[in-house]
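Asker: Residue numbers 1 to 343, in the numbering used here, belong to the letters of the sequence shown in order.
These aren't lab readings, by the way, just hints derived from the structure by calculation.
Since the structure is predicted, the reported quantities are computational estimates derived from the model, not experimental observations.
Careful, some of the hints might be misleading.
As the list claims (entries may be wrong) - Under the rule of at most 20 Å between Cα atoms (straight-line distance), these lysine to aspartate or glutamate pairs were calculated in the EDC-like manner:
hint, residue 1, residue 2
1, LYS291, GLU46
2, LYS232, GLU294
3, LYS263, ASP163
4, LYS263, ASP119
5, LYS291, ASP141
6, LYS50, GLU231
7, LYS106, ASP53
8, LYS187, ASP141
9, LYS266, GLU254
10, LYS183, GLU231
11, LYS190, GLU231
12, LYS259, ASP163
13, LYS50, GLU188
14, LYS259, ASP159
15, LYS259, GLU165
16, LYS100, GLU278
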Amino acid sequence: MVKRTTGHRQLKSPPLIRGLIGFGWMRSNWPVLGNVDCDFGLVWAEKFGKPIDSLAGKVVWITGASSGIGEHLARALACAGVKLVLSARREHELERVKQKCLEIGKNLTEGDILILPMDVTAVQKHSEHFQQVISYFGQLDILVNNAGRSQRANWEDIDLTVDQEMFNLNVFGVLSLSRLAVKYFMKEKKGGHIVVMSSLAGVNATAFPFSASYAGAKYALHGYFNALHSEKTLSNISVTLLCPGPVFSNFLAECFTDKPGEKFGKPVEATDRRMTGERCGYLCAVAIANKLHEAWMALLPYIPLCYMFVYCPNIGNYLMRIMGPKLFLKIRDSKTKMGTKTE
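Please construct the entire structure, taking both the sequences and the accompanying hints into account.
Answerer: Have a look at this one:
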């Protein structure tokens, strides 16, 4: 006899329960809603989930670890006693991050942090770098693909070479390293965790204006790694997509434009309304510790906007038409005053 599934039994789904409780918590704390800076699942994980300390002793490899979110994530993990592999092109900056991690780290010694300089786009060297990690620590538990660049350009002016360069860094380099890691996790049969630094720009239906190549690359990451998640659902390989909004970092200076080899070169202004790198790194660590499949983090109004674009896309697009691309750009670039000029 086939048992009838009741609505009450369907409510036992953990993601749904987390979402309902997270929503209830936000409703009960409505006066302080302005302090809520992440999605319902991450609210739940931060309040009631596993602590970052649960990762103590694991080996985590972070690319793009020399500054920004990557650096702050490394710090958050070091405070929890996590062994680290720090990769980026600027070795002297990696040394600085390593020393900071040792200062604040929980029972970490010099040998618990490996500096591994690398260019993520040099995919032909990925296998060699991967073997260096395994030879040094004897294992890898979590790979965090954080290296990447953003963009500021008009859609119609972007040279196709820029699209290719963007995908080489933000997509193909990530895929190459992740496939090595997945094969290793499957061979060792002990599982592992692939973490990908995406963006709110890559969340379904929320592509921001004047960053077409960047948004396209982030959409591609979601497609690739949602497919990986689907294929490995019954295995012990986890996938986490981290989706931060505007964060204080040097990302604007390094942005792609519409021309090959050119950088945007603009500083992030101190008056911008952005999440701090420290808070973003901490929330990323919480999402990793709790193996969330997708996590959003940003100051208001980004999270509500993302929920609207995902669950009510027609309303979201109608709102965008009313606001216009320039006003939407000002919100994306976190200008505290709408009169502030946006490049």
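Asker: CA of LYS266 to CA of GLU254, is that 20 Å or under?
Answerer: Holds, because 8 Å separates the two Cα atoms, which is no more than 20 Å.
Asker: For the pair we were handed, LYS183 and GLU231, check the Cα-Cα distance against 20 Å.
Answerer: holds (13 Å)
Asker: Has the given pair, LYS259 with GLU165, been kept, meaning a C-alpha gap of at most 20 Å?
Answerer: At roughly 11 Å apart (the allowed maximum being 20 Å), GLU165 and LYS259 satisfy the hint.
Asker: Below or equal to 20 Å on CA atoms is what counts here, so check LYS187 against ASP141.
Answerer: holds (13 Å)
Asker: Going straight from one Cα to the other, do LYS291 and GLU46 come out at no more than 20 Å?
Answerer: With Cα atoms ~12 Å apart, LYS291 and GLU46 stay inside 20 Å; holds.
Asker: Sort out whether ASP163 lies within 20 Å of LYS263, counting only the CA atoms.
Answerer: Roughly 14 Å between the alpha carbons, so the hint for LYS263 and ASP163 holds.
Asker: Decide if the proposed pair is consistent with the structure: LYS50 and GLU231, CA atoms, cutoff 20 Å inclusive.
Answerer: Violated: LYS50 and GLU231 sit about 25 Å apart, past 20 Å.
Asker: For the pair we were handed, LYS263 and ASP119, check the Cα-Cα distance against 20 Å.
Answerer: holds (18 Å)
Asker: Given the hint that LYS190 pairs with GLU231, does the C-alpha gap stay at or below 20 Å?
Answerer: The hint holds at about 17 Å.
Asker: Within 20 Å, alpha carbon to alpha carbon, are LYS291 and ASP141?
Answerer: It holds: about 13 Å lies between the C-alpha atoms, which stays within 20 Å.
Asker: Take a quick look at whether LYS259 and ASP163 sit within 20 Å of each other, Cα to Cα.
Answerer: Satisfied, since the Cα-Cα distance of roughly 10 Å is no more than 20 Å.
Asker: Tell me if the straight-line CA distance from LYS232 to GLU294 falls inside 20 Å.
Answerer: Roughly 16 Å separates the two Cα atoms, so the pair holds.
Violation of the numbered hints given earlier is confined to hints 6 and 13; the remaining hints are satisfied by the structure.
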